[in-house]
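J.: The residues making up each chain are set out below.
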Amino acid sequence: MGGALNINHLLFLGHGALWTIGLSAIALVGGGSFGFLIALGRVSPSRAVRLLAATYVQLIQGTPLLVIMFLSFFGLAALGLNISPLLAAGASMTIFVAAYLGEIWRGCIEAVPKQQWEAAEGLALSRSQRMVKVILPQAIRLATPPTVGFMVQIVKNTSLASVVGFVELTRSGQIINNSLFEPFIIYSIIAVVYFSLCYPLSRLSRRLERSALQKKPALA
Amino acid sequence: MGLVLDFSVVLDRWQALLDGATLTLQLAFIAVVCGAAIGVFGAIGRRGGNVLVERLCGAYVEAIRNTPLLVQIFLVYFGLSSLGLQFSAFTVAAVALTINVGAYTTEIMRAGFDSIHKGQIEAAEGLGLSRAQIYWHVIIWPGIERVYPALTSQFVLLMLASSVTSQISAEELTAVANYIQSETYRSFETYIVVALIYVALSFIMRFGFWLLGLALFPRRRRLGTPL
Amino acid sequence: MNAHVNPPSVPPNAPVVALRNVHKSFGSLKVLDGVSFTVGRGEVTVLIGRSGSGKSTALRCIDRFETIDGGEIEVCGRRVDDAGLDVRALRQDVGIVFQSYNLFPHLTIEENITLAPHAVKKVPKAEARALAAKVLAQVGLEEKLHAYPEQLSGGQQQRAAIARSLAMQPKVMLFDEVTSALDPELTGEVLKVIEALAAEGMTMVLVTHEMSFARGIADQVVFMHKGKVHEAGPAGILSSPSTPELAQFVGTGF
Ligand SMILES: Nc1ncnc2c1ncn2[C@@H]1O[C@H](COP(=O)(O)OP(=O)(O)O)[C@@H](O)[C@H]1O
Ligand SMILES: [Mg+2]
Chain V
1 MGGALNINHL
11 LFLGHGALWT
21 IGLSAIALVG
31 GGSFGFLIAL
41 GRVSPSRAVR
51 LLAATYVQLI
61 QGTPLLVIMF
71 LSFFGLAALG
81 LNISPLLAAG
91 ASMTIFVAAY
101 LGEIWRGCIE
111 AVPKQQWEAA
121 EGLALSRSQR
131 MVKVILPQAI
141 RLATPPTVGF
151 MVQIVKNTSL
161 ASVVGFVELT
171 RSGQIINNSL
181 FEPFIIYSII
191 AVVYFSLCYP
201 LSRLSRRLER
211 SALQKKPALA
Chain E
1001 MGLVLDFSVV
1011 LDRWQALLDG
1021 ATLTLQLAFI
1031 AVVCGAAIGV
1041 FGAIGRRGGN
1051 VLVERLCGAY
1061 VEAIRNTPLL
1071 VQIFLVYFGL
1081 SSLGLQFSAF
1091 TVAAVALTIN
1101 VGAYTTEIMR
1111 AGFDSIHKGQ
1121 IEAAEGLGLS
1131 RAQIYWHVII
1141 WPGIERVYPA
1151 LTSQFVLLML
1161 ASSVTSQISA
1171 EELTAVANYI
1181 QSETYRSFET
1191 YIVVALIYVA
1201 LSFIMRFGFW
1211 LLGLALFPRR
1221 RRLGTPL
Chain Y
2001 MNAHVNPPSV
2011 PPNAPVVALR
2021 NVHKSFGSLK
2031 VLDGVSFTVG
2041 RGEVTVLIGR
2051 SGSGKSTALR
2061 CIDRFETIDG
2071 GEIEVCGRRV
2081 DDAGLDVRAL
2091 RQDVGIVFQS
2101 YNLFPHLTIE
2111 ENITLAPHAV
2121 KKVPKAEARA
2131 LAAKVLAQVG
2141 LEEKLHAYPE
2151 QLSGGQQQRA
2161 AIARSLAMQP
2171 KVMLFDEVTS
2181 ALDPELTGEV
2191 LKVIEALAAE
2201 GMTMVLVTHE
2211 MSFARGIADQ
2221 VVFMHKGKVH
2231 EAGPAGILSS
2241 PSTPELAQFV
2251 GTGF
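As given, the protein sequences belong to chains V, E and Y, one line each in that order. Following this note's numbering, the numbering of the first sequence begins with 1 at its first residue and continues without gaps. Following this note's numbering, the numbering of the second sequence begins with 1001 at its first residue and continues without gaps. Following this note's numbering, the numbering of the third sequence begins with 2001 at its first residue and continues without gaps.
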């Protein structure tokens, strides 16, 4: 490459942006699935399961995502497990997202009024039936705005995958910069791309939050 | 190497780890103090009635909250140097983290200030208090007390996020980890140890903010109820 | 440093509060439609009328919480309708107590009371604390000095709010339905405090729905109806109203 910023550079950035979206999707699906288990674990009737889930949340929420990335890429490699940057980044994001989404969703499950549990129990539903048929449908409605809000965090945090050499948006910017050396311009462009990915999600989350607040009296 | 774990070579470098952890806390401390100040003024600006100031504060908050910290750090780093200004990595890191946490704090504090009931402000006006006195006594302190748990969480997240400043070679804990693992080839053990240090720092910070809360909010100390 | 300066030339027998042909609208809604009444020194004026008749708005205009569209308001020699009014100076002369107490929940009762004297009038802390003890004794709450508002009953909170206003040593006090949020058994203790203030000669304008209380305390009753002063006079008009609207309001009927 070299020389001035041209269409090829922009195409390369676009390619990186697609991987940012892809990694975000992986993180959402992986972290969401695992996080759902964490949320269930946090409200489990078994003390041991609750403790396990809580410990997981405490440990991950006390560790920087960057260190988790290093651990799964360089750490596992040092143990002889050579994994690809995509796998390392995907796994790290999954581990990270699960701890936060799990905690958000636990809050939503617990926000469903206690009387709903009791009413379901009164109908002689089993514990899993109560959860699936009564509690979760209500919790999902509560969970939608904060989950969309957290997707902004997911998109932004995929930028840390650049440190393990995964070529998403930030990494593709660094690569272009290595030949052009116009860091300020390049990172400004990248910031704008992130903003245009994240801002609509932020807006959506706020709109959902507002309409949820307005609907509240009808729900209760 | 092999699959035998050996933590001793990592733990032998406790002095470097301690230095890194200290620097991480220093970075967090500077960013939290300056960010809290930005947050108070930003929140006042966002609800102060001047349309231009409101827009500017809103644009600042949205710009920061919708872009990654890593990119913000690069922009501050290369932005300052393209202006011909040379600062230490520590200074650049502190500036970038402050700008970042200032935006989140602005948003949290605005929610706190907005939660103050209109009747409170009218009562203060009725007593003849000035605009600044009303802000100080009736809006800022009780507003902060309301959102103190959210602020605490945000500040802990900031401390963890400061690990990203290792990418511009600030010598904080993660940078120390990178250095140790490159010397010892014990990456796994190094990052495990460092992760646990971060967990410990999070607990220390939460405890510190809990103590600070007791000092700042005597009502909460005595009654233990949320405001 | 103009906080203590008296407004220019107040004749000794001039009214403390005077509304002259006051008009006020919220958008297209006419709320005050030519309201006039005066309150002399040491007098108690009671505003009565249906909900929505403009009583609160009239009271709030006196303390410049609302600006008026036409007419004049004079309070303690100050033209309240003057755009250049020193609002904070006005509010040092006027105490206002709201239906919802509005005590500051994060401050003790003592801190609630000392805040304004210290911050606004620069009364030294120790002196302000002595003042707090004095006004709290006046409302019968001397033992609640160091309590927080949430530890008090509604009636006690409202008495504390009155004490907070008294500590600014106002020349006139405004009360807007201060017992409406209270359980019936708690209204009495608040009304007693107001009666004691009246007996001490405090100039007051109060909005209330407690008719027997109004009858006992009022030097002047102002009945508001559809944004106008429909009938006004001594407390006696409550027993022998001359308009059917007031008669209906006080429930004697026709
Ligand atoms: N800030 C305001 N904005 C719009 N309308 C208002 C406002 N304050 C009062 N009003 C309206 O003015 C009318 C008179 O209100 P108010 O003075 O509170 O009556 P009262 O105290 O006699 O019940 C009501 O219809 C009320 O809805
Ligand atoms: Mg009213």
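Since the hints were derived computationally from the structure, they do not count as laboratory data. Just so you know, not all the hints are guaranteed correct.
To give an idea of the interface, some chain E residues facing chain Y are shown, with a C-beta separation under 8 Å as derived from the structure [unchecked claim]: (1) Ile1140; (2) Trp1141; (3) Pro1142; (4) Leu1227.
Positions of the beta carbon are idealized from the N, C-alpha and C atoms, including for glycine.
J.: Each hint needs a verdict: does it hold in this structure or not?
T.: Hint check:
Using the Cβ-Cβ criterion of 8 Å, the hint placing Ile1140/E at the interface with chain Y is not satisfied: the shortest such distance is roughly 11 Å. For Trp1141/E, the interface hint holds, since its Cβ comes within 8 Å of a Cβ in chain Y; the closest pair sits about 6 Å apart. Given the 8 Å rule on beta carbons, the hint for Pro1142/E holds: about 4 Å separates it from the nearest Cβ of chain Y. Contact between Leu1227/E and chain Y, as hinted, is supported at the beta carbon level, the nearest pair being about 6 Å apart and thus within 8 Å.
Hint compliance for this structure: hint 1 alone is broken.
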